[in-house]
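J.: Position chain B against the provided structure of chain A, taking the given hints into account.
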Amino acid sequence: MRRAVLIAVPYLWLLALFLVPFIIVLKISLSDIALARPPYTPQLDLNEGWAGIRAFFAGLDFENFTFLSTDDLYWKAYLSSVRIAGIATLCTLLVGYPIAYGMARAPLEWRPTLLMLVILPFWTSFLIRVYSWIGILSSEGVLNQFLMGIGLIGEPLTILNTNTAVYIGIVYTYLPFMILPIYSALEKMDESLLEAAEDLGSSRFSAFWLVTIPLSRNGIVAGCFLVFIPSIGEFVIPSLLGGSDTLMIGKVLWEEFFSNRDWPVASAVAVVLLLILIIPIVLFQRSEENAREAGR
Amino acid sequence: MRRFSWFNATSLTLGFAFLYLPMILLVVYSFNESRLVTVWAGFSTKWYGELLQNEEFLDAAWVTLKVAFFSSTIATVLGTMAAYVMIRAGRFPGRTLFSGMIYAPLVMPEVITGLSLLLLFIGIGLDRGVLTVVLAHTTFSMCYVSVVVSSRLSTFDQALEEAALDLGASPFESFTLITLPIIAPAVISGWLLAFTLSLDDLVIASFTTGPGATTLPIKVFSAVRLGVSPEINALSTLLISIVTVGVITASLVSKRAAVQRRREEQAAQRTA
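Going down the list, the protein sequences come from chains A and B.
Each position in the first sequence, counted from 1, maps to that position plus 88 in our numbering.
Each position in the second sequence, counted from 1, maps to that position plus 864 in our numbering.
For reference, chain A alone in the conformation it holds in the complex (with noise of 0.2 Å):
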């Protein structure tokens, strides 16, 4: 009986609270658009009994399936917000390598420091540290004025409201979980190895490119995954830092729910990302299943 109410209530507040809105969306992304209070047709008519529920089912269509798949805003937007968080991801992965490598190298005791001031970002706000860039690369920003100052460039650059902010963002934002994974993967390696490699007469290079870096795949795997799979439905890093033509399809989302007020559209435009962001998720899932058979 106990075992039952304690299975039942996170069970049943996940399902209204999760499951049921998720089916909502896909019923109205079926649905069209009305002027009207909620905004769509049709509505279930449950006091018309069998007759109102055969009419519900009979005004759901694919129209706004088609719609996203012939305007070319849709799909220009999902490849773009693909191509966008593949860019930074690798972006991520540049910077986030060498961080994580002189962590796991560094002298034992300042290892827990170095590791507490990865994570401290993490916890001040998302909004605040996208935020820090504006004034950064305005193009009377610190930047700007630094590079102007030293004399690199005579005009001020604009960097502001282009994608190079926007990947900028991202992998300031996204640090952390690109360099976590690696550091627990390149902190578990030993180190002997490469001694080996290097008494065999490797290069230190090759040692480098042939034992470390096969060795942290698995954590250059999951550090990748946890940078990817957010930022493709990312929203604030674009609509702060990003210009009007930075096309990614969470500000897509945004838009065609708060300024157009088109909720089938707008709920479309959720399952196709929804529905694109499962090959990588299966991906993720799929490789971290391999790596903890092979730490078995």
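You may find that some hints are simply not true.
For lysine to any residue, the following SDA-like pairs were computed, each having C-alpha atoms within a straight-line distance of at most 25 Å [what the hints assert, rightly or not]:
(1) K276(A) - S1018(B)
(2) K1119(B) - R193(A)
(3) K1119(B) - W211(A)
(4) K164(A) - V971(B)
(5) K930(B) - W211(A)
(6) K115(A) - L883(B)
(7) K930(B) - S1015(B)
(8) K276(A) - S963(B)
(9) K115(A) - P969(B)
(10) K910(B) - L885(B)
(11) K276(A) - W870(B)
(12) K276(A) - S869(B)
(13) K276(A) - T1113(B)
(14) K276(A) - F880(B)
(15) K276(A) - N872(B)
(16) K276(A) - R867(B)
(17) K930(B) - A104(A)
(18) K930(B) - V97(A)
(19) K115(A) - G1074(B)
Treat the hints as calculated values from the structure; they're not laboratory data.
T.: What follows is chain B alone, placed relative to chain A:
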């Protein structure tokens, strides 16, 4: 004795400069006299004064704290229950769906979570306000809590619970007297995580909020859309200092607890 190699020292210095310089600049410019954020015009604390007199910000801060407190507390209870069910309850019908619903919100884009919850609240005719934001925040943060707590639950020795049951404790007593004290650190960090996630959230709150329930991130977002503002710099400085003090205190406390425990273990070994 290991030392830093020049390569590692350089990459760490550059890396941490990248992580911390933007925040340091925010703090520095919050003490700038000028409203033009990029021109230094002398030291001043006037923006803090203006911030503390800005009723809208104070109201939003109060709403945010209320939402964060209630949502993280409910999320901790529900998340701990969910973790216990996942690790201890064995098989039951619908277990796969249950674990799916616990992990899915962790990877769900915030825009989708926000949109779907809003459509639910409209569908059932619930007026949007503090309550709806609390419900929304509880739902996604309970999943984080349950991940943190279940990783602790899965590593601890179940024989301790069984011993308590053998010695005549009721299942409830065995949970409160044995299990809860052991998983307490994970439960506390789950609560802290849920609290910060709620404080931080802009997207889900924007979808699920209503009149009179503007949270601080919503307020900050609409202010910074128009560009940099010195009041926001001052606010950021306050938030950054609170978090820094909190995290450093927490790490010192847990370090001291570890030292204490080691000393007690040594003492116990000597007496044995």
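J.: With reference to the structure, classify each hint as holding or not holding.
T.: Outcome of the hint check:
no. : hint               : verdict
1   : K276(A) - S1018(B) : holds, 22 Å
2   : K1119(B) - R193(A) : holds, 23 Å
3   : K1119(B) - W211(A) : holds, 19 Å
4   : K164(A) - V971(B)  : holds, 23 Å
5   : K930(B) - W211(A)  : holds, 19 Å
6   : K115(A) - L883(B)  : violated, 43 Å
7   : K930(B) - S1015(B) : violated, 29 Å
8   : K276(A) - S963(B)  : violated, 30 Å
9   : K115(A) - P969(B)  : holds, 20 Å
10  : K910(B) - L885(B)  : holds, 23 Å
11  : K276(A) - W870(B)  : holds, 22 Å
12  : K276(A) - S869(B)  : holds, 19 Å
13  : K276(A) - T1113(B) : violated, 28 Å
14  : K276(A) - F880(B)  : holds, 23 Å
15  : K276(A) - N872(B)  : holds, 18 Å
16  : K276(A) - R867(B)  : holds, 18 Å
17  : K930(B) - A104(A)  : holds, 23 Å
18  : K930(B) - V97(A)   : holds, 23 Å
19  : K115(A) - G1074(B) : holds, 24 Å
Hints 6, 7, 8 and 13, counting from the list given before, are not met by this structure.
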